[in-house]
Amino acid sequence: MHLDYRLKEDSGTDWASVTEEDLRYRVALGNLIFHVGNKDFSAAWEWIPLIDLAASFTEIVRKLEGGSASETFEFTESDASVRFERKADKVLVSTSYVEGVGEIALRSVSEAVKSFRERLWSELVTKHPQAAHNAAVRKLLGAAHVSD
Amino acid sequence: MNLRLLTALFLVFGLLLTAAPTTGYAQVQTGADQVILTQSRLQHIIDRHWSDSTAAGAGKFQTGITVDTLRDMINEAVHNGRARHNTHGRPGTIYEYDFQRQIGTTIDGGPATRLRVVVSNRNEVITAFPF
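Keeping their order, the protein sequence lines are chains A and B.
Using our numbering, you'd call the opening residue of the first sequence number 157 and step up by one each time.
Using our numbering, you'd call the opening residue of the second sequence number 612 and step up by one each time.
Everything labelled a hint here was simulated from the structure, so no lab data went into it.
Backbone N, C-alpha and C define an ideal beta-carbon position, used for all residues, glycine too.
One or more hints might be untrue.
Unchecked claim - Going by beta-carbon spacing under 8 Å, a handful of chain B positions derived as facing chain A: (1) Gly668; (2) Ala669; (3) Gly670; (4) Ala694; (5) His696; (6) His699; (7) Phe742.
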């Protein structure tokens, strides 16, 4: 599974004051790069809120690991969605915008999402050091434990 | 509680509901509820979902839909639509309503008859789009 992103340039955000709602809908926008096996579920729409996606995917993994049979991620500005269906130690991934189903180990999903979240945090705080001190950013990227 | 006190409470509650909005805000009356469409959120919807928007992967409103029409549609969706909690920790409530007529296009260009409105916990519209 390849889970990555491309962050759009953003020079207008005050990272000291952005709220969770901003991060969920309006800030740190970009593209999703998402391959599962030979299926390409990428979404190059340029408006995907990547911090929200990282937080939502993390929550989805937590629920799947907790025994949930399926979880669905809804994009914020359309009815497009990504469905994760657990089958024992595997996860079947499908989307509303690309045909086909990809299969991946749950452990691999978990590792890919964790890596995605950490890379996004690293890039954001490198480009925008104030983001490291924003409670909403730290909450959504699970970075509250990261030392400054 | 006597009748005079009850009447006074109704008047105060009514005044609170119909208080004039501050500059840049437009109220969408929804009977007992109301949601607020701020200028910045309206601009977000126009940028992302207006018929002439070039944003990829986002539903678009039909040509001819005006800001006033949009406010009416949001009103109707919030008042009559199906409500559910926002997903995976996102704040707010999602309202979805099927207008039974085309109001725009879906992300693949097909006809869209439904409207999704996301409303924050402060009763402010976050986004709204056809699907």
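Against the structure, the hints come out as follows:
| no. | hint | in the structure |
| --- | --- | --- |
| 1 | Gly668 | 3 Å, holds |
| 2 | Ala669 | 5 Å, holds |
| 3 | Gly670 | 5 Å, holds |
| 4 | Ala694 | 15 Å, violated |
| 5 | His696 | 12 Å, violated |
| 6 | His699 | 4 Å, holds |
| 7 | Phe742 | 4 Å, holds |
Violation of the numbered hints given earlier is confined to hints 4, 5; the remaining hints are satisfied by the structure.
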